[in-house]
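Asks: Chain residues, written in single-letter form:
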Amino acid sequence: MYKVLDKSIIGADEMVMNMGPQHPSTHGVLRLKIVTDGEIVSHIEPIIGYLHRCFEKHCENLSYEQIVPFTDRCDYLAAMHMAHGYSIAVEKLLGIEELPERVEYIRVILAEFQRIASHLIAVGVFGLDVGAITPFTWTLRDRERIIDLFESVTGSRLLYNYIWPGGLAHDLPPNFIQKANDFLNYFEPQIEEYNNLLTTNKIFIERSADIGVMPVDVAINYGVSGPTLRGSGVPFDLRKDEPYSIYQKFDFDVPVGEGLMGTVGDCWDRYYVKVLEMKESIKILKQALNSIPEGDVKAAIPKKIRPKKGEIYSRYETARGDLGLYIRSGGKNMPSRLKMRSPAYCNLSVLNEISAGWMISDVISVLGSLDIVLGEIDR
Amino acid sequence: MSENFLVKKYKEKVELLENNSILVDASDWKEISTFIFKSRFDYLMCITSYDLEQDNKIGLAYNFYSTKSKEYLEIRIEFEATTKVFSIAEIWRAADWHEREAYDLMGVIFEGHPDMKRILLPDDWDGHPLRKDWKEPEYYNGMPVPKDKTYWE
Amino acid sequence: MTSVVDSLLNLFSFTGLDNSILLILVLHIPALSIFLVMVVNATVAVYVERKVAAFMQDRLGPMEVGLFGFKGGKKFWGGIGQTIADAIKLLTKEDIVPDSADKKLMLLAPFIIFIGAFLTFIAVPFSQNLVVSDFNIGVFYIMAMSSVGVIGIIIAGWSSNNKWSLYGSMRAAAQIVSYEIPIGLSLLLAVLVVGSLNLGDIVQWQAENRWFIFHSPFTFIAFFIFFISVVAETNRTPFDIPEAESELVAGWMTEYSGFKWAIFFLSEYANMMIVSIVASVVFLGGWLSPFAIINVGIPNSWMIFDGPLIGIIWLMSKALFLIFVMMWFRWTFPRLRVDQLMYLCWKVFIPFCLANLFFVSIWELIGGLFFK
Amino acid sequence: MGEYINNIIYGVKSLITGMSLTLKHFRNKKNLVATLQYPHEKWPIPERNIGFDPSEYNTIRSRLHVDIDDCIGCLQCERACPVDCIKIDTIKPSKGNEFDCGITSNDTRKKMIVPRFTIDMSECMYCDLCVHPCPEECIYMVGGPNDSKHEIDYEFSQFERHGLVFEFATATDQDIIDIGAESYLEKRKQREQKLTRAEKLEGMLISEGAVPVAAAPVAAAPVAAAPVAAAPVAAVSIDFNIKSIDFIKDKEVRGIAKKAFMGAKRAKLEGVAMIDFIIAELDKASKLDVDTKSTLEGFKEGKA
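Chains as they are written, first to last, in the working numbering: chain A, 1 to 379; chain B, 380 to 532; chain C, 533 to 904; chain D, 905 to 1208.
In short, the hints are calculated from the structure, not lab data. Treat the hints with care, since some could be wrong.
[What the hints assert, rightly or not] Looking from chain C toward chain A, a few residues come up when the C-beta cut is under 8 Å (computed):
1. M588
2. Q589
3. D590
4. R591
5. T769
6. P770
7. E777
8. S778
9. E779
10. V781
11. T864
12. F865
13. R867
14. L868
15. R869
[Claimed, not checked] With a Cα cut of at most 27 Å, we get these calculated DSS-like pairs of lysine-lysine:
16. K928/D - K279/A
17. K436/B - K309/A
18. K1163/D - K496/B
19. K511/B - K309/A
20. K92/A - K308/A
21. K304/A - K1014/D
22. K57/A - K514/B
23. K57/A - K436/B
24. K332/A - K309/A
25. K511/B - K1162/D
26. K514/B - K991/D
C-beta atoms are modelled at their ideal positions from N, C-alpha and C, and glycine is treated no differently.
Please model the complete structure; the sequences and the hints are all you need to start from.
Replies: Written as structure tokens, this is what we have:
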């Protein structure tokens, strides 16, 4: 970290830079008000809300079924996760304990594919932020294949509305298992290529290691979650710690940042955790694809969703972290209050803490490693 | 159970609700929040503001988690809309943005928050839209707010 | 080695005009040719760059715009007319000048950069005898003229009245000025060994001895230092910090559009061409063939046999290969940070260059004693 | 020094690894290229044997289509739509009217006619929710086994925005008259007029439905002249709108005045009455000074 010089000695003024909302590496319409001393940043204020779509107000006027397409639009890079998390919350609210095995398997398979797809974007975009363009197109190319798989399942490529409270919209296509296995066989060696091209590249390491270090206590105090928290060395993953769906059946590890190239919790660790998580997702997928049972995917869908009065707080591990849904039901077919604790919202709030004192270029690295999606932050 | 330690310590001041959440009075929140932090709940997951739809009352639900003992705690405060609530942003930094959001959308006023201003809505927005009695304004910045959808279909 | 101007003066001497008048008339021919070379170079290089990028990134690149109905299918030639279409678009585009910009300086900046590149071309040899003006101080002149552009960059960044542009131009100034030093020190090796600043003499020495890159292990290292430094001097990835599209949007070019921006582009690719040719001439034997057999012929017939036509192929293929390597760098590496760039220059390249200078001097001394 | 050298060596090594990798891709591109040359090649939209068996709905997310002959006007799809892009009007035959509404392909006798069934595809978000509840399976995304009937619509691009509003209803005016709903025709005509007026953009009209009297244009006055003339009631004769209050410097006073303006509007006061109301309100709040009063009075005579 650089020392910001004492203003009284050199008599230099600070400059306020306005980064965004139209800036190539703010990942959407984020605006950063940066106070700089030359190239060195002394304070950052993220200004959000440019993509605010009144999600929570909408939910109060829509029935539980109709909310699902809107949850997709929150985190548009991991739409399957949002719908899955929401469905789990509504099932909890309704008291549905058990779903058909096949539903759970399909949900897990799609969620893990979605995690790979989302991490591919994160990995590629981080490369793009530090100036490497080729890894980005390679990751997008592979993500495209996952999206093709999704399209064959759900009919759409980005926003699916496939996972419904209580079940699924429809069953898998007949040759899905084969196609998914083909993809996994193709994809596994690709991760090595990314590593050779980007992860172990000296310039990339220079740009990301030891930068934006987030200590564990800061991370927890700020409510950071997901790969960002695990990058700081906390092995906390809801899939492991409090398995929802059927994650307890699968054997996988929770990768954490180890500081291989610098300090624990730097940008490189946060990046590398995502690469490792893709490998873990492949592990889960291979187990799930081999043991998927038969069954009816629509059997447990309730005819009418009208939960009793009450509240529920449900957590879900999305690609970006801990998605919390607080639903208050007033006994109607519409929630009386639905609050979404979006993971990237909390992850972004830590930005000033970990990137003040670094250069403008480092702010972009830190922002890239936090892996934010503005659709989810602004809701 | 995680909530027992609170009920034990503050017998008079707290009330145990169903599904194990604890109702706290707004005036005691400063004391209790410090105590919660000093016991093991280091991770603030979420602050939800909600409208009770009666007596102009609104509520806040705090969801805590302990990364050490893997326990959950839900605290609720229900109060008159004009009451000032103690801000826990200095204790859990995660509360900073959540409280700003609660202020922005529900109009909860927090006392002692370092930077209390709107976060999601524009600064010149009128009112707090998640209140149940909130009405769409006729004008926004001098522009009429269209309500009749016949014009754009 | 004769220069193009001399040859042209000889050629038109039958008109019987006074040399000073004839010179003014005749100078238009090389000037136009240089401009043409710059334009063609930019057009082709942009197309090749896009295709190289696309192929390295598993894409196809421009595929739609053909030339005279020729499209070439799904091959390298798929969109051969693309840059021409782009150029027409750029030239007919509205020229947007920010309201609070310093308009005169903003107009001036692209032309300073262009003049810097243009003047450098005067001393750049394309082949034997195919140089506009054959200076005694060729190396020195090229070094001096290629630094003129930085003034334009600073003016561009300052006059745009945009903080990001200002950052870009300040970074560019620091970077280009710093990297002049390793470039100069590397070229100094050749000057030291050959004993002349004339580019023709340097190639002549290589014809008599060996390519300079293979002269000693130190000149081998010097070539790479030189090449990486010129990549930095031309602001290309991994040293494109002044432009840095993910940080500064487009750096000092942010507020420019249309024709002015096209001139920036023209000069940038011209600079690439210049440094590649200089690298080939000084280190890779210039217009000498790798086989060193074809370079014979009848003296003083500069049009056909004495190098030019065959030499230009060799020189250009060397230069184009170096340009390809620059593109290859660009589509492989991430970008360095400002301080790391400076670290690389001042703490890695300059010490190595100084050591090189010392060891090459000793090499010459010992070599002079033992080998010759 | 050792670290310095190691760093350089590692750097050079990793850079060469990267460059060899990109060179490899530069060579064998054919099996990895993901580009689709869009207008010449098209990625097949996945179509699954949808049938209309409820367990096997279509997976396609293309344009919505309605087989209007099968529609019984149950409004299930309209209710399911989260974005209100489906709009259906139904008319039941009045008692004693013997109009035959028809029969669906599932042999369900229709009880009403559907004179309007529009889907605004520019609002549709392709969530598929309207397809599932349809009891007659007559609304679906185009494609699949119905391919022979309706081709997959790849882009369905239109030159104008209202080109994306699709009308499926086939009920003729005669049908509507036969069923005894002339009033519906009248209503439809009014709606169409409104729409065309909005298309011509002759100034924005505010809350015309709620307060037909106060069809006062908020936008610049000269532009607004045309729709005002078209409106059935004569417009405000005095040039006084909410912007006129801006002459008041004091923020607080201006706020009260504006509130009063809106209150007056809601009470359907106009012109002189409105200004009087504002003056009274200001007086009540004891914020009325001489200048403000005189200027406001001046508005009555039509001078600013």
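Asks: Against each hint, give a clear statement of whether it holds in the structure.
Replies: Hints versus structure:
1. M588: holds (6 Å)
2. Q589: holds (4 Å)
3. D590: holds (6 Å)
4. R591: holds (6 Å)
5. T769: Since chain A brings a Cβ to about 6 Å from T769/C, closer than 8 Å, the hint holds.
6. P770: holds (6 Å)
7. E777: holds (6 Å)
8. S778: holds (4 Å)
9. E779: holds (6 Å)
10. V781: holds (6 Å)
11. T864: Since the shortest Cβ distance to chain A is 6 Å, the answer is holds.
12. F865: holds (5 Å)
13. R867: The hint holds - R867/C has a Cβ within 8 Å of chain A, the shortest such distance being about 3 Å.
14. L868: holds (6 Å)
15. R869: Status holds, d = 5 Å.
16. K928/D - K279/A: holds (24 Å)
17. K436/B - K309/A: Holds, because 18 Å separates the two Cα atoms, which is no more than 27 Å.
18. K1163/D - K496/B: Judged against 27 Å, a Cα distance of about 25 Å means the pair holds.
19. K511/B - K309/A: holds (17 Å)
20. K92/A - K308/A: Judged against 27 Å, a Cα distance of about 11 Å means the pair holds.
21. K304/A - K1014/D: Given that 27 Å is the threshold and the Cα spacing comes to 26 Å, the pair holds.
22. K57/A - K514/B: holds (12 Å)
23. K57/A - K436/B: Roughly 18 Å between the alpha carbons, so the hint for K57/A and K436/B holds.
24. K332/A - K309/A: holds (8 Å)
25. K511/B - K1162/D: Given that 27 Å is the threshold and the Cα spacing comes to 25 Å, the pair holds.
26. K514/B - K991/D: Holds. K514/B to K991/D sits at ~25 Å (cutoff 27 Å).
Comparing the model with each earlier hint shows no violations; every hint is respected.
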